[in-house]
Each structure stands twice: as C-alpha cells, then as structure tokens.
Amino acid sequence: MSQIRAFLAIDLDDDLKPKINKIIREFKQIDANIKYVDLQNLHFTLKFFGDIDTEGIDLISEKIENVIKDFDSFTIKIKGCGAFPNKNHIKVIWVGLDEDEILKDLHDKLDKEFNSIGFDLDRKFSSHLTIGRMKSAKGKDKVKNTIETYNNIDIGT
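To convert, note that position 44 of the sequence shown is 196 in our numbering; the numbers rise steadily by one, no gaps.
Because the hints were derived from the structure by calculation, they are not lab data.
Where hints are given, some of them may not hold.
[As the list claims (entries may be wrong)] Listed below are the simulated PhoX-like cross-link pairs for lysine-lysine, each with C-alpha atoms no more than 20 Å apart in a straight line:
1) Lys290 to Lys243
2) Lys180 to Lys221
3) Lys264 to Lys187
4) Lys239 to Lys180
5) Lys180 to Lys294
6) Lys215 to Lys229
7) Lys174 to Lys229
8) Lys171 to Lys231
9) Lys187 to Lys174
10) Lys169 to Lys239
11) Lys239 to Lys199
12) Lys180 to Lys243
13) Lys296 to Lys174
14) Lys294 to Lys174
[Said to hold, decoys possible] With beta-carbon atoms standing in for the labels, derived distance ranges:
15) Asp260 to Asp293: 36 to 42 Å
16) Asp306 to Lys261: 26 to 32 Å
17) Ile305 to Glu214: 34 to 40 Å
Keep in mind it's a predicted model, so treat the numbers as computed, not measured.
The beta-carbon is built from N, C-alpha and C at its ideal position, and this holds for glycine as well.
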C-alpha cells in the first residue's frame, strides 16, 4: 500500500499571480532568508490531510463531491498581507483571503465530511495563500515593515 502527502486546495487564477508577484518582489529586495513559493504553486489550502494511503483518495473525492454539489461558483477576494504565527515571530508570510461566509461554510462542511471518515477537525480556519517561509530571523524588522505596508492592500478577485 503506497502513501502520498495530500491536501485539498483551490488554485489561484493566473490573472492574480502578477499582482502577488509584485508583493513577493518587494520582499525579495530585503536581505532576509526567505524561501518563496513558486508562482505556479500558489494555492489556497482548504484541508491538509497529511500522509494518506492512496486507496483512500476515492473516498475523499466522494466526500468532496457530496459537499460541492450544493455550492454555486463564487468569487474569492484576495486582500492584505500578514505572518504566522504573528508579525513579531515570523515563520510564514501570507496574503489573505477576505473572510467570506460562503468560503467558511464550504470549509466547515468539508471538514465535517472528512471528520466522518477519520480525519481530525481543523482547529481554526484561516484563509490565506502562503507566499514565503522565513528560514531565520535575518532581516526580520524589514520583513515586518513590508508586511505592515501591504497589510490592507486589495489584490483582486
């Protein structure tokens, strides 16, 4: 039985990638040890499953189909910039997704379905796109200032 590292994600529209890349370029001007996410790999994670048996993929797909059939297409607004766990101890640099009730409802219903087949419920849903990971504290203050500069930026939908 083979395993894969799995997650459920929404791909980012290609029209938004240049706008996000502009922000990434600002961070790249800082002398900091940041590993950036490739633009073609930018995505919004709905659920991280971890290492799963490949045999379980069909059941996960079935649960996804059960939930999404009740949802119409919707628009996600990308807005702001921040850090995890916080701006004073930066590990992850992200751009945010405007908190949308439809998106939260989708996540919660999917999470409930996945819990019914043995996956843990998510602690708290935090909608974001990771753009980079800090590997050391080098340049932290300048990174923090750049995050604050883009804190309220409206990136698009």
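Going down the list of hints, with the structure as the test:
A distance of roughly 12 Å separates the Cα atoms of Lys290 and Lys243; the hinted pair therefore holds under the 20 Å criterion. Taking the CA atoms of Lys180 and Lys221, the gap is about 41 Å. The hint is violated against a cut of 20 Å. About 33 Å separates the Cα atoms of Lys264 and Lys187, which puts this hinted pair outside 20 Å; it is violated. For the suggested pair Lys239 and Lys180, the alpha carbons sit about 17 Å apart, so the restraint of at most 20 Å is met.
Taking the CA atoms of Lys180 and Lys294, the gap is near 11 Å; set against the 20 Å cutoff, the hint holds. Between Lys215 and Lys229 the CA atoms are separated by roughly 26 Å; this puts the pair beyond 20 Å, and the hint is violated. Our distance criterion of 20 Å between C-alpha atoms is met by Lys174 and Lys229, whose separation comes to about 17 Å. Under the criterion of a C-alpha separation no larger than 20 Å, the hint pairing Lys171 with Lys231 is consistent with the structure, at around 11 Å.
Restraint check: the Cα-Cα separation between Lys187 and Lys174 comes to about 16 Å, which is no more than 20 Å; the hinted pair holds. For the hint linking Lys169 to Lys239, the alpha-carbon distance of about 24 Å lies beyond 20 Å, and the restraint is violated. Our distance criterion of 20 Å between C-alpha atoms is broken by Lys239 and Lys199, whose separation comes to about 24 Å. The straight-line distance between the Cα atoms of Lys180 and Lys243 is roughly 16 Å, inside the 20 Å bound, and the hint therefore holds.
Distance hint between Lys296 and Lys174 is fulfilled; the C-alpha atoms sit about 17 Å from each other, no more than 20 Å. Simply put, Lys294 and Lys174 have alpha-carbon atoms about 17 Å apart, close enough for the 20 Å limit, and the pair holds. For the pair Asp260 and Asp293, the beta carbons lie near 37 Å from each other, so the given range of 36 to 42 Å is met. At about 28 Å, the CB distance of Asp306 to Lys261 agrees with the hint of 26 to 32 Å.
Checked against the given bound of 34 to 40 Å, the beta carbons of Ile305 and Glu214, roughly 39 Å apart, stay inside it.
Checked against the numbered hints given earlier, the structure breaks hints 2, 3, 6, 10 and 11 and satisfies all the rest.
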